[in-house]
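Number of protein chains: 2
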Amino acid sequence: MSKIKITALLLLAATINIPLTVQSQEHPNLIMTKPGVEKVRKNLGQVPLFDASVESVKKQVDAEISLGIDTPIPKDFSGGYTHQRHKQNFIIAQKSGALYQILEDEKYAKYIKDMLFQYEGMYKDLPAHPQKRSYARGKLFWQCLNDSNWLVYMSQAYDAIYETLSEQERDKLENNLFRPFADYISIENPQFYNRVHNHSTWGNAAVGMIALVMDDKELLDRALYGIEDDGLEIGGLDNDGGFIKVEGQKAGFLANLEDPFSPDGYYTEGPYYQRYAMYPFLIFGLAMKNVKPEMKVFEHKDNVLLKGVNALLNLSDADGEFFPLNDGQKGMSYYTASLVTAVDIAYQYGNKNPQLLSIAEKQNQVLLNEAGLAVAMGVRDGKAQAFAKKSINLSDGPDGKQGGVAVLRHGNEDLTLVFKYAAQGLSHGHYDKLSFSLYEKGDEVLQDYGLARFVNIGQKGGGNYLEENKTWAKTTIAHNTLSQNESMHFAGKYAIGSQHHSDLYVYDHSNKDVQVVSATESNAYPGTKMHRTMAVIKNKSFDKPFLLDIMKINAEQKNQYDMPFYYLGQVLSKNFSYDSPNVLKPLGQNNGYQHLYLEGIGKPSTSSTQFAWLGNGKYYTLTSATEGSDELLLTRMGANDPEFNIRREAALMIRRKDSDNTVFASVIEPHGSYSPVSELSVNSNSNIAELKVVHDDVKYTAVTIKDVKGQTSLFLLSNLDASPSTQHKLEVVGKKYSWTGAFHYIE
Amino acid sequence: MSKIKITALLLLAATINIPLTVQSQEHPNLIMTKPGVEKVRKNLGQVPLFDASVESVKKQVDAEISLGIDTPIPKDFSGGYTHQRHKQNFIIAQKSGALYQILEDEKYAKYIKDMLFQYEGMYKDLPAHPQKRSYARGKLFWQCLNDSNWLVYMSQAYDAIYETLSEQERDKLENNLFRPFADYISIENPQFYNRVHNHSTWGNAAVGMIALVMDDKELLDRALYGIEDDGLEIGGLDNDGGFIKVEGQKAGFLANLEDPFSPDGYYTEGPYYQRYAMYPFLIFGLAMKNVKPEMKVFEHKDNVLLKGVNALLNLSDADGEFFPLNDGQKGMSYYTASLVTAVDIAYQYGNKNPQLLSIAEKQNQVLLNEAGLAVAMGVRDGKAQAFAKKSINLSDGPDGKQGGVAVLRHGNEDLTLVFKYAAQGLSHGHYDKLSFSLYEKGDEVLQDYGLARFVNIGQKGGGNYLEENKTWAKTTIAHNTLSQNESMHFAGKYAIGSQHHSDLYVYDHSNKDVQVVSATESNAYPGTKMHRTMAVIKNKSFDKPFLLDIMKINAEQKNQYDMPFYYLGQVLSKNFSYDSPNVLKPLGQNNGYQHLYLEGIGKPSTSSTQFAWLGNGKYYTLTSATEGSDELLLTRMGANDPEFNIRREAALMIRRKDSDNTVFASVIEPHGSYSPVSELSVNSNSNIAELKVVHDDVKYTAVTIKDVKGQTSLFLLSNLDASPSTQHKLEVVGKKYSWTGAFHYIE
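So the sequence lines, in the order shown, correspond to chains A and P. Just so you know, this note's numbering puts 317 at position 317 of the first sequence, and the rest follows in order with no gaps. Heads up, this note's numbering is the position in the second sequence plus 747, with the first residue counted as 1.
Hints in this document: simulated from the structure, not taken from any laboratory. As the structure is a computational prediction, the values presented were derived from the model and not from experiment. You can trust all of the hints, since none of them are fake.
Computed cross-link-like contacts, DSSO-like style, restricted to lysine-lysine with a CA-CA straight-line distance of at most 27 Å:
#: 1; chain 1: A; residue 1: K59; chain 2: P; residue 2: K1287
#: 2; chain 1: P; residue 1: K1188; chain 2: A; residue 2: K441
#: 3; chain 1: P; residue 1: K1188; chain 2: A; residue 2: K59
#: 4; chain 1: A; residue 1: K352; chain 2: A; residue 2: K289
Chain A residues, not near chain P, derived (Cβ > 12 Å throughout):
#: 5; residue: Y135
#: 6; residue: K292
#: 7; residue: E299
#: 8; residue: K352
#: 9; residue: I688
#: 10; residue: V698
All C-beta atoms in this analysis are idealised placements derived from N, C-alpha and C, irrespective of residue type, glycine included.
So that you can see chain A by itself, here it is in the shape it has in the complex (with noise of 0.2 Å):
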């Protein structure tokens, strides 16, 4: 569709404003109803967890009342003062809206009522935003996915003053504000608006949920079904270098709804996004339920709204942080809002599963409706139960079949490996490839960077996607995987990317002793197979859990590669010499490479090299098998970042020249603690005395791991055949083995 065919049925649709249903409907009929208000009112002053989160809302929102209301015009980035403004007056919108219905207390009904005049005054002569960033600029906002979180707010606000409104007041926001409001972050934006991602799903629940109070069929369809002629071309980018176009995508809420999650319930741009996605697809779907039952939305493939905040609970530490895959920022975590969400209406619309509630203890707040009253009466009434987090895989793809994410735990997550061998993740992903992360309860052992982003801190480019996102972070060397020739997976272009997914060859937990997630990845690096096999495995004769890690790479030429392993803390110890320069000097030039300097450069002394670290007040050692050509570098984060955008941060890595078929195999292995308030060391060495890569060939990879007591424990794998039947002999130096499935362990 050309611009102009747009803006012709802009003016259309403008004028023609017919509502297309004919009953009228009572209101609050969108997050919150007619009877779960009753409910909630009858029982106030008797659910603790509820009356204080009224209280705790009453508080902000008087707070706002005392400073009276402003509507500034637009000017600022994400970190500035109009964009906070706008962004909290939706915020205290929504919740005075709750508050007037639970509380039936006039001045929250006029608070919103005023504002939403203020806005409607202003909006019709608003012209885009000033920052011209933005591949879709809003109005209010330096982007119309901001203008589109506005709209989702600020529906559920006009529901809830809605009766209190006359028919001329709501002629008239409906006419100035709204419906022009959801024209333009949708027709005028069709990039923005009909696609399928994150930003689509904002702006097609913001059209939907207005809709349904305005009780506007045009706009709902075209919040479910998307904009069915949009006039985009195939193959443009939006800023973060995703596709806007894709042949053959549908668009719309439902497409955003079947695509991007798998039918496990993982998003495939990952936690982060999914935790952002997650409000407009809950809240929408939450509305849908109650005005629109029979469109089961939250029933739509299989539960997998509901399905995805399980997923999302379980890409949690210990500590409720959301592992960072893709661009991910550190500490988000469950303790958000729109987790409080997610966590009541997965409560309330779900099984009424009771490990929710100590969810919902911890985050000690829950949402102002009906689901939030079922919650805080399950935990009044002593129905939490711990949130057991256990192993779990998560495929990725529409049909589960693009990869996915495993995690292991053992224990009470006392060591969860976060392995990712999922598809691209749309514009948010990284090139990472079979990359992991390791934690302790809630620490860090070696880590994912995350994205390079300062999200809402002005000083950062206010606050957006920051040059070394994609200069550092999103690059191969800036996480714990394989690295070729100094390159990126699928050389760092997003359209190779984002038509590969690596294969899963196994999983198993089943036995929480020797827990296995194998993946292969052969489009990457073209002409070279990664199969990388990563093993949790307690042994009787360790403390702790360790990390088994066994990459087998087959290429057709000989390689340079590069393992780094993203340590966090003080260097202990290390069994090998090395070079320190006097200078430091960037490792390369690009690829990431340019932000890395070379703090040391040794060889192996021996065939198992060590290196040891102390992170958190608890011990860590890896050993890894290494040939007597590998080099070992010494890396710190810093290096061309004139800004500071970068935490200079470190990494051991292994470098292994001229290889075609080669196996790295590592242990990472926590053992001990150091108290400096005791200051009582622990088990602080390690307990391995040699790793040893004992056979490798095509069909089968042997890795020995003999402790400082001289016990030797194996470690068989089946390279070709994942069968859990195949039965499988190997002699390994001088003794036969047999068994039966992909791997053994014997201790």
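Following the hints, put chain P in place on chain A, whose structure we already have.
Same frame as chain A, but now just chain P:
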């Protein structure tokens, strides 16, 4: 005394072995007493905190008893097994003794008896410890210090089971173990024993404790008054570079009580070592009170021991962690065991300060004696009050006339300044005259680096002081104070530094919103006088209190001055431009400069240089009045540190060349906050538009602070007359001001 004479004396002492008092005493009488034990037994099961402490100790001791007793041949440094085992032995034996008295279960007595006889069997043939690094090697441990720890604890264990042993058994233990042990750490190691030093305090207490149990007057005299003729030469040095013998110096416990404590209870080595020394001071003080009350040890020097507990608790941040002044390991806090002892004893034998009970509550543990019982009963009875830390000025030096340490606090530890204008601090002192550190609650804003040592972590130099403690941690440039011509205060010479101290100019916390401390230093750099004034100010147009820092320098010749600010966090913005070198080189050759990389070098672009960072979710801005010719250096630690002994942390350094008389005036301004969970950025920009030195001559210095709304505040300082009653007049920027006292602030 020659070596031969010492040995002769030793033989004599071993031969005589006559109890010097006539009456036999009842046991226990040291830390527990018969009536005390009676009272404890009577209250068992009725005092929750005490019962929990018994239960927790019982669990620990039972676990050790089930493991059996091991007294290995000494071999290791502090990180190794034999060290840890012997240490664990004396700790568990002491606890087992307390359990025996309280629970009357014979197994606890038997455990101690068996262990003591194992030691008795091995001790007489034991040579000095095989590790030769210490200036005073122990037998069980690598230094006499740890052997003394052993005796302090074992004396208590012995006292607890004294009455269960036959006279023959006691004689055997005393003749073969305890007396030779006491002689070894005293007469055979006078260089360890006969000093004023925390090492000697432990030695004295050890000898004194066993003397009281054995009722041996000769040993007790040796404990209290030292060895009269120790044969030591004046000027010998210990491992830390401290003097072993100083002309005219007394020795023994009472001298150690006299000299290192100021009348305010400040311990000249700093809080980390005070925490360590408090245990022998208090535990022997308590033993003396129980056995020799007439000696009035607690009352010595106007109750300095109990004052010391108060001083120490006040030298901690909001999380209870001690300020790492001098050689202090970060993370040590009032949760450590010796502070449980200190708090309980201070409560019981001080004035029953109910604020101590809240510390005991946090410690969640009490001593297993009458003092612990009293504390637990106080807690049970709801007497606890919050320990309200206020601003405090602690003098240093035996007479309180050798400078001091001031702590200015605003609000509930919302901002805490630690300003050090003390004496050298014996061998653990740093070359950091007029240095400071700054805290917001428990978070460091501008850090004191602390020490370069990993206590008890064997991989790091056996857990001992690292070379970098001398080459980095002690240096002047490692601290937030003035470095002149890239040299150290007192040329880094202990012999010179220990002759001098800074002098207080003014201390005034009477107005909580304008608290001031000011001190001068004339000896650190001969010919240069530094006068630093620090004011914690809460101005009503700022959301948080800030620190105003005025360093006035008068020099006889032109010098280069470096003023570093060791911030912790992520750089956000700065209003000057700088070059970022592509390769990082060390900033200098020695005096600590060799450990700094230069990450950036620039020039001020305005007269008010600003530099902002984000640390622990809070924003900070440094605003400094700079001159056009100043250099602004961005430095990072870690150069010439191949073993990674130094943390990779950063500073902004202002360098002023070719100057004699000059002023560095800065404001360190905490503001706002950032949450990675809500992603809300509050008040992220500095409120300061301009900082200006508007007047500076011999008599007066005046600084203005203009905020972003144009409001200007003025700080006036009299440089030569600190009398609170002197009237001053000054014309500043055409306006006349008059005030009384050393300073005046006009908002």
